[in-house]
Each structure stands twice: as C-alpha cells, then as structure tokens.
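Can you make the complete structure from the sequences, with help from the hints?
Spelled out, the chains give:
2 protein chains.
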Amino acid sequence: MPKSKSRLAIVPLGGVGEIGKNMTLYWYGNDMIVVDAGLKFPEEEMLGVDIVIPDITFLVENKEKVRGIFVTHGHEDHIGGLPYILKTLNVPVYGTRLTLGLIENKLKEHNLLDTVKMHTIGDNQQIQAGVFSVEYFYVNHSIPDTVGFAIHTPEGLVVHTGDFKFDQTPVDGRQADLQKLAGYGSQGVLALVADSTNAERPGFTPSEKSVGKTIDHLVAQAPGRIILSTFASNIHRVQQVITAAERYGRKVAIVGRSMVNNIQTSIQLGYLNVLPSTLIDVDEIGRMDPDKVLILSTGSQGEPMSALTRMARSAHRKVEIMPGDTVILASHPIPGNEKFISRTIDQLFKAGANVIYQGVHVSGHGSQEELKLMINLTRPKYFLPVHGEFRMQRTHANLAIDLGVDPDNIFITELGDVVEFEGDRARFGGKVPAGTVMIDGLGVGDVGNIVLRDRKLLSQDGILVVVVTLSKTSGTILSGPDIISRGFVYVRESEALLDEATKLVESTLVRMVSDNISEWSSLKTAVRDTLGRYLYEQTRRRPMILPIIMEA
Amino acid sequence: MPKSKSRLAIVPLGGVGEIGKNMTLYWYGNDMIVVDAGLKFPEEEMLGVDIVIPDITFLVENKEKVRGIFVTHGHEDHIGGLPYILKTLNVPVYGTRLTLGLIENKLKEHNLLDTVKMHTIGDNQQIQAGVFSVEYFYVNHSIPDTVGFAIHTPEGLVVHTGDFKFDQTPVDGRQADLQKLAGYGSQGVLALVADSTNAERPGFTPSEKSVGKTIDHLVAQAPGRIILSTFASNIHRVQQVITAAERYGRKVAIVGRSMVNNIQTSIQLGYLNVLPSTLIDVDEIGRMDPDKVLILSTGSQGEPMSALTRMARSAHRKVEIMPGDTVILASHPIPGNEKFISRTIDQLFKAGANVIYQGVHVSGHGSQEELKLMINLTRPKYFLPVHGEFRMQRTHANLAIDLGVDPDNIFITELGDVVEFEGDRARFGGKVPAGTVMIDGLGVGDVGNIVLRDRKLLSQDGILVVVVTLSKTSGTILSGPDIISRGFVYVRESEALLDEATKLVESTLVRMVSDNISEWSSLKTAVRDTLGRYLYEQTRRRPMILPIIMEA
Chain A
42 MPKSKSRLAI VPLGGVGEIG KNMTLYWYGN DMIVVDAGLK FPEEEMLGVD
92 IVIPDITFLV ENKEKVRGIF VTHGHEDHIG GLPYILKTLN VPVYGTRLTL
142 GLIENKLKEH NLLDTVKMHT IGDNQQIQAG VFSVEYFYVN HSIPDTVGFA
192 IHTPEGLVVH TGDFKFDQTP VDGRQADLQK LAGYGSQGVL ALVADSTNAE
242 RPGFTPSEKS VGKTIDHLVA QAPGRIILST FASNIHRVQQ VITAAERYGR
292 KVAIVGRSMV NNIQTSIQLG YLNVLPSTLI DVDEIGRMDP DKVLILSTGS
342 QGEPMSALTR MARSAHRKVE IMPGDTVILA SHPIPGNEKF ISRTIDQLFK
392 AGANVIYQGV HVSGHGSQEE LKLMINLTRP KYFLPVHGEF RMQRTHANLA
442 IDLGVDPDNI FITELGDVVE FEGDRARFGG KVPAGTVMID GLGVGDVGNI
492 VLRDRKLLSQ DGILVVVVTL SKTSGTILSG PDIISRGFVY VRESEALLDE
542 ATKLVESTLV RMVSDNISEW SSLKTAVRDT LGRYLYEQTR RRPMILPIIM
592 EA
Chain B
42 MPKSKSRLAI VPLGGVGEIG KNMTLYWYGN DMIVVDAGLK FPEEEMLGVD
92 IVIPDITFLV ENKEKVRGIF VTHGHEDHIG GLPYILKTLN VPVYGTRLTL
142 GLIENKLKEH NLLDTVKMHT IGDNQQIQAG VFSVEYFYVN HSIPDTVGFA
192 IHTPEGLVVH TGDFKFDQTP VDGRQADLQK LAGYGSQGVL ALVADSTNAE
242 RPGFTPSEKS VGKTIDHLVA QAPGRIILST FASNIHRVQQ VITAAERYGR
292 KVAIVGRSMV NNIQTSIQLG YLNVLPSTLI DVDEIGRMDP DKVLILSTGS
342 QGEPMSALTR MARSAHRKVE IMPGDTVILA SHPIPGNEKF ISRTIDQLFK
392 AGANVIYQGV HVSGHGSQEE LKLMINLTRP KYFLPVHGEF RMQRTHANLA
442 IDLGVDPDNI FITELGDVVE FEGDRARFGG KVPAGTVMID GLGVGDVGNI
492 VLRDRKLLSQ DGILVVVVTL SKTSGTILSG PDIISRGFVY VRESEALLDE
542 ATKLVESTLV RMVSDNISEW SSLKTAVRDT LGRYLYEQTR RRPMILPIIM
592 EA
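Chains A and B supply the protein sequences, listed in that same order. Here my numbering is used: the first sequence runs in plain steps of one and ends on residue 593. Here my numbering is used: the second sequence runs in plain steps of one and ends on residue 593.
Mixed in with the good hints there might be a few duds.
Since the list can't tell identical chains apart, any single copy or any two copies may satisfy a pair.
In silico BS3-like links for lysine-lysine, alpha-carbon gap of 30 Å or less [as the list claims (entries may be wrong)]:
{"no.": "1", "residue 1": "LYS497", "residue 2": "LYS565"}
{"no.": "2", "residue 1": "LYS380", "residue 2": "LYS413"}
{"no.": "3", "residue 1": "LYS292", "residue 2": "LYS254"}
{"no.": "4", "residue 1": "LYS149", "residue 2": "LYS104"}
{"no.": "5", "residue 1": "LYS106", "residue 2": "LYS565"}
{"no.": "6", "residue 1": "LYS413", "residue 2": "LYS221"}
{"no.": "7", "residue 1": "LYS391", "residue 2": "LYS513"}
{"no.": "8", "residue 1": "LYS128", "residue 2": "LYS106"}
{"no.": "9", "residue 1": "LYS391", "residue 2": "LYS413"}
{"no.": "10", "residue 1": "LYS391", "residue 2": "LYS422"}
{"no.": "11", "residue 1": "LYS147", "residue 2": "LYS106"}
{"no.": "12", "residue 1": "LYS565", "residue 2": "LYS513"}
{"no.": "13", "residue 1": "LYS391", "residue 2": "LYS472"}
{"no.": "14", "residue 1": "LYS513", "residue 2": "LYS544"}
{"no.": "15", "residue 1": "LYS391", "residue 2": "LYS497"}
{"no.": "16", "residue 1": "LYS472", "residue 2": "LYS104"}
{"no.": "17", "residue 1": "LYS380", "residue 2": "LYS497"}
{"no.": "18", "residue 1": "LYS472", "residue 2": "LYS380"}
{"no.": "19", "residue 1": "LYS106", "residue 2": "LYS413"}
{"no.": "20", "residue 1": "LYS565", "residue 2": "LYS544"}
{"no.": "21", "residue 1": "LYS250", "residue 2": "LYS333"}
{"no.": "22", "residue 1": "LYS422", "residue 2": "LYS472"}
{"no.": "23", "residue 1": "LYS380", "residue 2": "LYS128"}
Source of the hints: derived by calculation from the structure; they are not laboratory data.
Structure, rendered in structure tokens:
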C-alpha cells in the first residue's frame, strides 16, 4: 500500500485497459478528489450482468479524505456509476449545469436527490477541495456542456481532458478553450491525463456541423415520413434535426423514454431551441400528411427494447413502419452492437422503409491530430493516456513520443496503478484495490467469477440433475436415479441416451454400495465422473452434472 | 409444394438473409443439381452450438433426383457443410483441383474419403448432369481456383457467380473470365444469381497485390522477428508473404494446424511457389537471428485456441512474444470477432510487440462497381441477389435497378423460396422446407429452440433446484426442502436470502398438503411461482427453478 503523505498520486480507478466506467482519483496527503464515476456495459462473458461499475473499495476505506466528485459531462460512462457510488460514499458532486441536470434525473430514479449535494461550477470559478484547486476548461464532445479540469496541486498543475474533440465549427458556437489550454502550457503543466478513445484514427474528427448538412439534405429530399434515430444525449445533433424539420415544415414527435427525458431537460435548461409549435404528440402522427412528420427516436444501437427496434419488428404501440418511410440511423455501432443493429436494419428494409445507416455520424472523440494538438497546447512534462483499451493507450503514448515527450515520462496505467509525483519526479508507486463490480438486478457485487463460470457452463451445454434416494439403513436405492435435463438435448429425441445414462448411474451406485462406499461426496463424484465421461463420448458435450442424493 | 415438372426452379437453401452456409438448388423436372454446401458460425443466441449447416430435408426427400453438388471454391461457407450432407446424400462432387484438394482433407477427417465420388472439372469442360449442362468461369477471390458456374437449362442460361471480385492485377496472373462472361451476355442470360456480400461498399475492391506491397514494405523494415497472421486459405496472400520473406532473407516457420494443412495441399497441387530452403521447423527459430525469421500463423480472428492467441497470452508451447517482435494481422475482423481480436492485440502490445493490425487486408468480394460490371457483362433478364443479409440483397437489387434491370424481374429471396422460370416468364412459386440445422458436438439437429431457450435462461440468472421428499402415505415432508443454486448468487453472501426462500417453499408445501392438494404438478407449479416471485422481488432476477419432489 503506497503512502501518499506529501506527494501527489494519480490513480485510475476506471477507464484504463477498457472503454467505459471512467474514474480517476487525485490524492495528496489527507485530500482526495475523484473525476467522473461512470459505468460500462458488460463484456460478453459476463452472462446475465446488467452493468459494471468501478470497484471503490479504496475510496470507501478513505471515506473521510474524499472531498468531492468532479464530473466532466453527462454520458453514462462518466456519470452512470454515481447512483451506486453515492449510496456508500456521500460526497458533493461538482459539474456544469446540463451535466448536473442529467445527474438529477438519475438520482431521482434512485431516490437519492435529497441526500446528495450538487454544486454547479461557474465559468472561471476555482473550486477549493482540500489542497486541490479545480477549474474547468470547455471542450467539444457529443453532448453539450462538456469540460475538462485543470487541477492545481501542491506538486503542480494537472490537466485532465475528459472526453474531447476540437470542433472548429461547433453547433452551439462554443469552441474548446484553446486560450486556457495554451495558457496552462505557458505556465507549465506537470501532467496531462488525456482521452485515448480515438488514438487509432488518423487525421481530424469532422465537425458535428457536417452531420447537420447531411441531415438537412436528407430531410429536404425524403418523400414521406422520416424516422430518425440517434443517441438521446447528443443534443447538438438533436438540435440540427429539429432545425432541419422546422426548415422543411415538418412537425417532430419524440419517442423513447431517454429521448423524451433528455430533450425535456435540455429545453428547460436552455440547451435546445425549439419553436413551440414544432413538437407534437406521437398520437397526432396518424392525422398528418407523411411528408409533414419527423419522428425522433431512440434505438440507434438496435437495443432490443428500444422504440426503433420495436417499430422494426412491428411491435411498437404507436408507430408502424410503412413503405415510403425514410429511416435514418444517425449513429455508429458501438462495438458489440453490430449484430443487433444489422438485424434492425434488415427488418426495417423488409417492412418497406428506405433505410439510411451510413455516413450520418461523426465521433465525439478527437482523432490523432487533435490528440497531438492537446499535447502541444499543454506541453506536459508527464503524460498519462487514459480512457481506452491498452492498444489505444499505447498508440496515444506513441503519438506523444513523436511530439517529443520523453518515453520515460509516459505512464500507461492499469486499473489501480498509483502514479506518484514528488519534487518534479514521477514513478509507479504500487497499486490500490481496483477493478470491476458487476450489477445484476438489485445485486451490487454479488455476482463473481464462480457464478459467471457456472452461467457459462450452463449456457454451453445445459445441466443434468441426477436425483436418487438411498435407504438410511441399508444404503440401497429406494427411488431413482432420475435424470432431469435442461438445455442439454431434446429429451424426446434422446430417450435412448438418457435411459442408458440412468442405467449407468444406477449400476455405479449399486457397485459402490456393495463395496461399502457410502460417503455422499464419493458417491457424488462417482456419478459426476462416470456420467460426464459417458455423455462426452456419446455427444462431445459437457453439461453441468448436479447429483442430488437423498436419504429416507 | 410446388410442382416443377417442365419448368426451371431456383431455390436458395442457404446464404440468403444471412452470411454463410451458401447452398443453391437448381431443379428441372426429374433433375436437381446443388451449388455449394457451406456452413456458418452460430449466431450469438445459439448458445453452445458449434456450427450451423443448411437444412437439406427437401434434397433428402428428392434423393433420387440429385445429380451432384457443384462447388465454387474451398471456403468453409461453401464447402463446410459437405461432410455432414454427404453422409445422408451421397452424390458426386464437382469442383476445381484446389477446391477438391481441400474437400479431400475434410472428408479424410470424417472418414468419408472412400465413399464419395469427386470429379475435377477441366477448363472449358461441359459437365452433363441430368438436363443441366454446367461449365465454369474463373473469378477472383481470396482463395485460388475460385469459379462461378454457367448452367445451361432447358429454359435458358443461368449464371451463378459464387463469391467473386474482379482483380485487374491478380497475384497468380489469372484474371476473371471477362470474355466468357461477356459471351454469355451476348448469347442471352436468363438469370444472374450473384454474390451480394459487399453490396454496401461503394467503388472497387483493391487488388490483392496492394496487400503484397504493404507486406513487402513491413517485412523490409521490421527490426526483429515477424509474426504474421492471416486466413489460412488465402494462398495468394501466403504467397506474397513467402515471396517477401525470401526477398529479405527470412526463413518461414508455419504454426497452426489449418495453416500447415492448407500450405501443404497448395504446395502439392502447385498453387504455392516456395524455395525448398525457405521453410523451417518452428523448433529452429530459437537458434536464428530474430531478423532472419518470419512466423506465419493462424489466429487472425482472435480465435481463443489459435496459435496467435496462445502466443499473446504466453500459452504457446514453442513461440513466446518478445519486445522487438513485429506482429502483423493481415486480416479484417469478421463481424462478431471484434472483441476477441481486440483482446489479442492488447495482449500482444502488453507483451512488448509492435502490432500492425490495420491496412494489411483487402476483401475477396467485389464492391458496387464490380457488382455492376458483372450485371453489365452478363445482361441478365432476371436477377437474384444472394450471399448476403437482407439489406445487402436489397442494396444489390437497387444497383441492378439503377443499371436498367426491370424491378419486377428481381427476386429477393428468403431460405426455401422457389423462383420458377417457364416460357421466358418467372415468378415466386411457393416454398420448400429450408432453414438451419445446428451442430453441437456430435449431435446434428438435436439442439432446437427449447434447448436454446433453456440455455439462454440458464446463462442469464442460473438455476435453483429445489428438492423435497414427501411421505407416500401422509404427504408430509420427510426431508428438505433443500435448495441448490448454480449461476444465481454467491451462496456464501446470500445465505439469508436462500434460508428465507427455503422457509417459503416449506410453508407453501405444508399449506397445500393440509389443504389436501397433493398432485405433483400443482405442488411443483406452486413452488415455482412462489419462489420465483420472492426471488424477483428480492433480486430482480429470474433464475430457472426446478422443483424435484420425491416420495418415500
């Protein structure tokens, strides 16, 4: 366990070696602040798990030191862990207006609104949190009001970018704070902690405005109804869709809970400009000419329960796809969702729609030239590429080396790695507990490797339960063995196999009992081994075998 | 059931509405021929399933009519179903030399080599198969000796492309048979049945030679060992790797069973030119200078058991990744494999290798301009886009319409759709049985929807087995209830929950017995419902509940 009495430690608790659940700890002596508290969606092998959040054991152990959580923006991978974390670690939350508005919606759902203190950070405001003094700088991203943090520490200034791109023509006219960033560079930056998501992409990420042009073009030309799906939090894109609808005389109906919520919050807080007459209820669609309607919907990732997916399989209560409809997916598949999205597109085509699913999206993360620009603006002594899988961090590090950053001054971290800064020197200083907490239903952390291993086994070849009742006195079989199978084979087509298996278990038990072997554990092991071997020979499958021996 | 006495029927039995398991039936009167017999890899929801092949019920019902299977090339999605299908449908197989060589390897593994008749088709040879007369035309693809078929039928000429691209500078100098295809167009083509895989991609697919240039450049510059992974069947690419190794004085070691097999077969049949001194055994690597070694390996899709994946996680018996190694993935992720590949790349980077995983691949399928060229060369009256998911077939159809094909003459088929041609007219003529047969271990078709549904349930929230022994005479509980859980929760952390659940089951049974309800089905249903409701309230999970009631 590293001591950090009079030195600065930077500790990624999430978002390194992975995409999602971003969380970074800044620690000096008796003071800790945390930047972001995200969630991520489960890996394929995390069967049945709903979401994944960072392990905050170390923060809980140091509860009295934590001065607050600073949040860069309102995406799930930066705020989604908050409701779970604030339940055990009730500290103030700092952020910009829209970000806090979105967090509020979340806390309401979890009945936490009254217990959590939230503070809006003003422009150019310095927040004092223990020894740390924090101000934000504005960056561009796929949600408004996104910031990074300049964290003044006793060891020097740390620039934490959060997710960012440099959009030279942003939709809301608000460019990234180039002047502030350059100013930090002039003052001297101890360390840059920067987003690596798009480190593999050469060039510049195009401006969000280029998507607006494409959308304008599509809305101008569509002959009938338009159903457009995008990320509910991409308020800039939603703005451009609404602007195009208004320009071409279409009313807009919103479907999908998260789309409705995000748009409501954004209108209330002044982040979205909509003419009062533009929005209509989805029930009014039927009474209108198709070319006067635009439906703005969730489901751009093919999520099985989302509005668009339900429309695609004719299971939406209010909207049915018709020939003549134009469906626009203003999005890009998040890795892992490709198959869901493809299926949705196929179904939409089959229902007769014209589906446009390529070229109506730009990333919210900066590409290589923007990552270089960030490094050149801030000119850091030390560099920590974060927010990315290892290869992205490595590639980001290589970009920094190309720009002249000393390779020895670059720290490619894993979860829980402590990077210590003292007297202008930095080094790896051990590890703190960190990792992954799986949330399944109401259970936080009660699913772990053994449970997942069982689910995996069960999912591959199913289970056979073998039940037998033995006599308490003689050990002879009173009833059974009965074999019940689930997820293994069709019972009807495999009667012979299961009959043979039953006989085999019976003869095994009879033999053991006559040999005076009667410990349950031995009997169970014998059943499991004999049956497992037989079934593998016959089927090349390895179902889980659960022997249950009763006494009567 | 359609009658097809004196008309031609084209029936896709695989490869439409999907990528993979390609199979097309041509049928006239008492004669049937089949083109290709592929497999595909299971969809995500086909838990535990190994591979998937077409349902050939209809062919088996018409066994005596089937004159042969014509195979376009040696990829799994065109030949992988053969060993399973030939077991029930022993008909002659026709193909080019390399294709038959690769099929031979397969049949050997399944002990089928002696029972199956295989015929090599010569250049410009016409094969008579019932009323059909079949010749091949050469096309370019990511495996040598790929052909399409010109099928002369009593109703006219059908051109079946198989997988194809037009490579203007092919590695083996053998261009697609533009003259033959144009000749068919002059004669008059009744129908074109064409590959839709890349229908969504604009432009031309680059030549395989462009990959050779990139590989040459990388081999020239790599400072230490090179480990290059590509598709084992892409013999043209393997040739270019070997040529580059020879040019820069590197010896080549082959690892991975399929890579070894394919290279052996290709050398034997004369499809690969290798200097006798180039190939070395992998055991010799250790004694050589790193910059004199190139390891050609399987695993470009991150397959968990492949050579490269084992190297990446330091589990390969003979090759360990070292700093200074250059690892080249000359491939592109097949949809669904992205996560496996990313993990492998991350592990290779962590082991210190420089990993090059982008830009060393071109597709084997033609893009939109090549699909248009095929249509313009053959000038078909009717058009059937196949080999693709629905949106690719639809997009391919739209390309044909742009070129002037009558939309009414285009048939976008689903599995088993019969397209009938008679007297120069065509129409949908019903459906024949068709679909998907899942292979799990040794079982062919014994896994179906119920088994998969159970596996799905088990994988999400696991299973609870509830065992109780009741008295035969009084119905009172003699032992239990005992609850055994797998894949649900950590038992140690959930003792209170499981205790409570046990009490609930007990009180439910006691109440029912005292109410004189004693049918097992009612008792089981009550246990399942009561327990299910309780667990959902407490955990928001729905494990499978398996009540087992014994009598003694």
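Going down the list of hints, with the structure as the test:
{"no.": "1", "hint": "LYS497 - LYS565", "verdict": "both (22 Å within a copy, 27 Å between copies)"}
{"no.": "2", "hint": "LYS380 - LYS413", "verdict": "between (34 Å within a copy, 27 Å between copies)"}
{"no.": "3", "hint": "LYS292 - LYS254", "verdict": "within (19 Å within a copy, 54 Å between copies)"}
{"no.": "4", "hint": "LYS149 - LYS104", "verdict": "within (24 Å within a copy, 66 Å between copies)"}
{"no.": "5", "hint": "LYS106 - LYS565", "verdict": "neither (52 Å within a copy, 54 Å between copies)"}
{"no.": "6", "hint": "LYS413 - LYS221", "verdict": "within (17 Å within a copy, 54 Å between copies)"}
{"no.": "7", "hint": "LYS391 - LYS513", "verdict": "neither (64 Å within a copy, 58 Å between copies)"}
{"no.": "8", "hint": "LYS128 - LYS106", "verdict": "within (17 Å within a copy, 71 Å between copies)"}
{"no.": "9", "hint": "LYS391 - LYS413", "verdict": "between (45 Å within a copy, 23 Å between copies)"}
{"no.": "10", "hint": "LYS391 - LYS422", "verdict": "between (57 Å within a copy, 24 Å between copies)"}
{"no.": "11", "hint": "LYS147 - LYS106", "verdict": "within (25 Å within a copy, 65 Å between copies)"}
{"no.": "12", "hint": "LYS565 - LYS513", "verdict": "both (16 Å within a copy, 26 Å between copies)"}
{"no.": "13", "hint": "LYS391 - LYS472", "verdict": "between (54 Å within a copy, 18 Å between copies)"}
{"no.": "14", "hint": "LYS513 - LYS544", "verdict": "both (22 Å within a copy, 25 Å between copies)"}
{"no.": "15", "hint": "LYS391 - LYS497", "verdict": "between (34 Å within a copy, 27 Å between copies)"}
{"no.": "16", "hint": "LYS472 - LYS104", "verdict": "within (18 Å within a copy, 68 Å between copies)"}
{"no.": "17", "hint": "LYS380 - LYS497", "verdict": "both (21 Å within a copy, 17 Å between copies)"}
{"no.": "18", "hint": "LYS472 - LYS380", "verdict": "between (38 Å within a copy, 27 Å between copies)"}
{"no.": "19", "hint": "LYS106 - LYS413", "verdict": "neither (35 Å within a copy, 67 Å between copies)"}
{"no.": "20", "hint": "LYS565 - LYS544", "verdict": "both (16 Å within a copy, 26 Å between copies)"}
{"no.": "21", "hint": "LYS250 - LYS333", "verdict": "within (24 Å within a copy, 51 Å between copies)"}
{"no.": "22", "hint": "LYS422 - LYS472", "verdict": "within (22 Å within a copy, 70 Å between copies)"}
{"no.": "23", "hint": "LYS380 - LYS128", "verdict": "neither (36 Å within a copy, 33 Å between copies)"}
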